[in-house]
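Engineer: As a plain string of letters, each chain reads:
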Amino acid sequence: MLRYTLRRLLGAIPTLFLVIVLAFLLVHAAPGGPFDDERALPPEIEANIAAAYHLDEPLPAQFLRYLGGVLKGDFGPSYSYRDYSVSELIGRSFPVSVQLGVLAMLLATVVGVSVGIIAALRKNSALDKIVMGLAMTGISIPVFVIAPVLVLLFAVKLQWLPASWTGSEGATRFLLPVISLALPQIAYVARLARASLIEVLSSDFIRTARAQGLGTAAIVRYHALKPAMLPVLSYMGPAVAAVLTGSVVVEEIFGIPGLGQLFVRGSLNRDYTLVLGVVIFYAALIVLLNLVVDLLYGAIDPRIRRR
Amino acid sequence: MVSGGILCGIALVALVGPWLSPNEYLAADFDNILRAPTVSEAHVFGTDHLGRDLFVRTMMGVQVTFVVAIVASVVSLVIGVLYGATAGFVGGRVDAVMMRLVDTLYATPFIFFVILLLVVFERNFLLIFVAIGAINWLDMARIVRGQTLSLREREFVQAAELIGVSAPRIIFRHIAPNLIGIVIVYVTLTIPQAILIESFLSFLGLGVQEPQTSLGKLVNDGIDQMGGASWMLLIPATLLAAILLCFNFLGDGMRDLFDSRQSR
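If you read the protein sequences in the order shown, they are chains Y and R. The letter at position 224 of the first sequence is residue 224 when you use this note's numbering, and the numbering goes up by one with no holes. The letter at position 246 of the second sequence is residue 246 when you use this note's numbering, and the numbering goes up by one with no holes.
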């Protein structure tokens, strides 16, 4: 297990390095500088600005400086929010996004797995077909279509729930954003859980258990569930990435001051350092969570470790 | 196969519709601002907050969606097939390195890179297509590599090698034709992904720019006018969902048809 853990850890480092190099190069390949203005500044002032942001140094030196900063958790100053550093902006907006993301993932896993199990146990019944049809629809409809339609229905027409984050308090303001984020993932998880449980239930050891007189409930709970959940677990990595991408949209729609909104604002303002910092932060988060999933997978399924 | 028919129908209406409609794409009808959809009047889908005809705008959006789908899929097809076939055919250490790179790229959140790309460079149409295609080739490369690996061991390929046919010629004449079935299946599955990414970017205001429009952008416009003019949200949202759903069903159906090993 230790060797497996170490190998996974070492495997994550080149990915992160590649991300940082690519993102850095992309931003610095940009035509024009971030401080190009409509009116021309005197050359001395331009030189001073460049020096203040270390833009006068050669590219490798800038990269090493940036990399050193990133390793210490410092992403440099923001170009458009002049009084803040990128790290401060990320630190301020991240907690809200974490709450949203964790709630959405929990909802997706619990509901998705339950629905998948029910559908698998009634394979090919009318209920199964309806549920899987709904799941296909859920996968196909993007978050930025689900969210406004839910708002239109529950906030504008029925007026049961608040339409936006600001100006409302309490748990109800979480409801619509979390559901919008979770719906496509519920659909994915349900399909995966159903398919893999059906496969496990048709294997030999289940037949043996059945022959020994175990009831369906006991078979599912004690024998089938654990192996059937492995594909679901391995989907958690991509699911986190999808929820992060979705949160960009959801935060924009509901006006939630989270990381996604910060990212979109930064993109539209062409705040290079901010966008660069957030991209690297997102990437690190995804790589880290993938690593956690991998390690969990290895802990649960000993066959994986040996490969 | 019903989904295929619906898709063709939508494509046809999108292509012909704007010609038949009495309304111009950019023309504003100031007497009919935010008019609800009516069958009897000129504006079948209603008008937006600037009095522009929503039917023509939506159909233009659908056109953009289909163009993106086709171009991005072709880009991912070319990169994916060439990369996968090379890795699978050459094999050995080259294959290991090439696939390691694909694994690494898999772990990177590409959508954020595309946004970064669009922030840094001008937001032009072509770049969006290429960027979307450049994300989507990874799956294709993996599948084509797996298929090539197994084809490589088949007798007819070995026979071709034996009589001295060159490697590129073997790839194009003997291996590529046998990949077509599986490639078609996965192209159908990448199309909805490409559409999704394009509309996501346009929704955020980073994709297609005014005066052009796309379904994602129309959904975003619809959100602003949601309180008074729900049709501005619901019409493009429904169309987008319908197109994606049809492509997904089509892809699933094709996979069951062509690729019986993967379907359970």
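No lab work stands behind these hints: they were computed from the structure. Note that CB positions come from ideal geometry on N, CA and C, so glycine has one too. A few of these clues could be false.
[As the list claims (entries may be wrong)] So the derived list for chain R, only partly shown, Cβ under 8 angstroms to chain Y, looks like this:
hint, residue
1, V97
2, M98
3, M99
4, F112
5, L240
[As the list claims (entries may be wrong)] Simulated DEER-style distance windows between Cβ atoms:
hint, chain 1, residue 1, chain 2, residue 2, range
6, R, A159, Y, V98, 22 to 30 angstroms
7, R, R100, Y, K157, 28 to 36 angstroms
8, R, F156, Y, L6, 25 to 33 angstroms
9, Y, L268, R, V74, 27 to 35 angstroms
10, Y, I45, R, V78, 27 to 35 angstroms
[Stated by the list, open to error] Which stretches of chain R does chain Y cover? Using the computed rule of at least three CB atoms under 8 angstroms from a CB of chain Y, they are:
hint, segment
11, 78-84
12, 199-206
Engineer: Hint validation: V97 (chain R) versus chain Y, beta carbon distance must be below 8 angstroms. Holds or violated?
Structural biologist: violated (12 angstroms)
Engineer: With 22 to 30 angstroms as the target window, see if A159 (chain R) and V98 (chain Y) comply at their CB atoms.
Structural biologist: Given a distance of about 59 angstroms, which is not inside 22 to 30 angstroms, the answer is violated.
Engineer: Does L240 (chain R) pass the interface hint, meaning its C-beta sits closer than 8 angstroms to a C-beta of chain Y?
Structural biologist: holds (6 angstroms)
Engineer: Is it true that R100 (chain R) and K157 (chain Y) lie within 28 to 36 angstroms of each other by Cβ?
Structural biologist: The hinted range 28 to 36 angstroms is violated for R100 (chain R) and K157 (chain Y), with Cβ atoms some 52 angstroms apart.
Engineer: Have a go at the M99 (chain R) hint: is there a Cβ in chain Y nearer than 8 angstroms to its own Cβ?
Structural biologist: violated (14 angstroms)
Engineer: Is the hint on F112 (chain R) kept, meaning its closest Cβ partner in chain Y is under 8 angstroms away?
Structural biologist: holds (5 angstroms)
Engineer: Holds or violated: 27 to 35 angstroms for the Cβ distance of L268 (chain Y) and V74 (chain R)?
Structural biologist: holds (30 angstroms)
Engineer: Please count how many residues of the segment 78-84 of chain R have a CB within 8 angstroms of a CB from chain Y and say whether that reaches 3.
Structural biologist: violated (count 0)
Engineer: How about the segment 199-206 of chain R: do at least three of its residues have a C-beta closer than 8 angstroms to a C-beta of chain Y?
Structural biologist: This one holds; 6 residues, not fewer than the three required, reach chain Y with a Cβ under 8 angstroms.
Engineer: Using the beta carbons of I45 (chain Y) and V78 (chain R), state whether their distance is inside 27 to 35 angstroms or not.
Structural biologist: violated (48 angstroms)
Engineer: Next item in the hint list is M98 (chain R). Is there a CB on chain Y closer than 8 angstroms to its CB?
Structural biologist: Interface hint status for M98 (chain R): violated (15 angstroms vs cutoff 8 angstroms).
Engineer: I want to verify a distance hint. Is the separation of the beta carbons of F156 (chain R) and L6 (chain Y) within 25 to 33 angstroms?
Structural biologist: Given about 45 angstroms between the Cβ atoms, the range is violated.
Hints 1, 2, 3, 6, 7, 8, 10, 11 from the earlier list are contradicted by this structure; the remaining hints agree with it.
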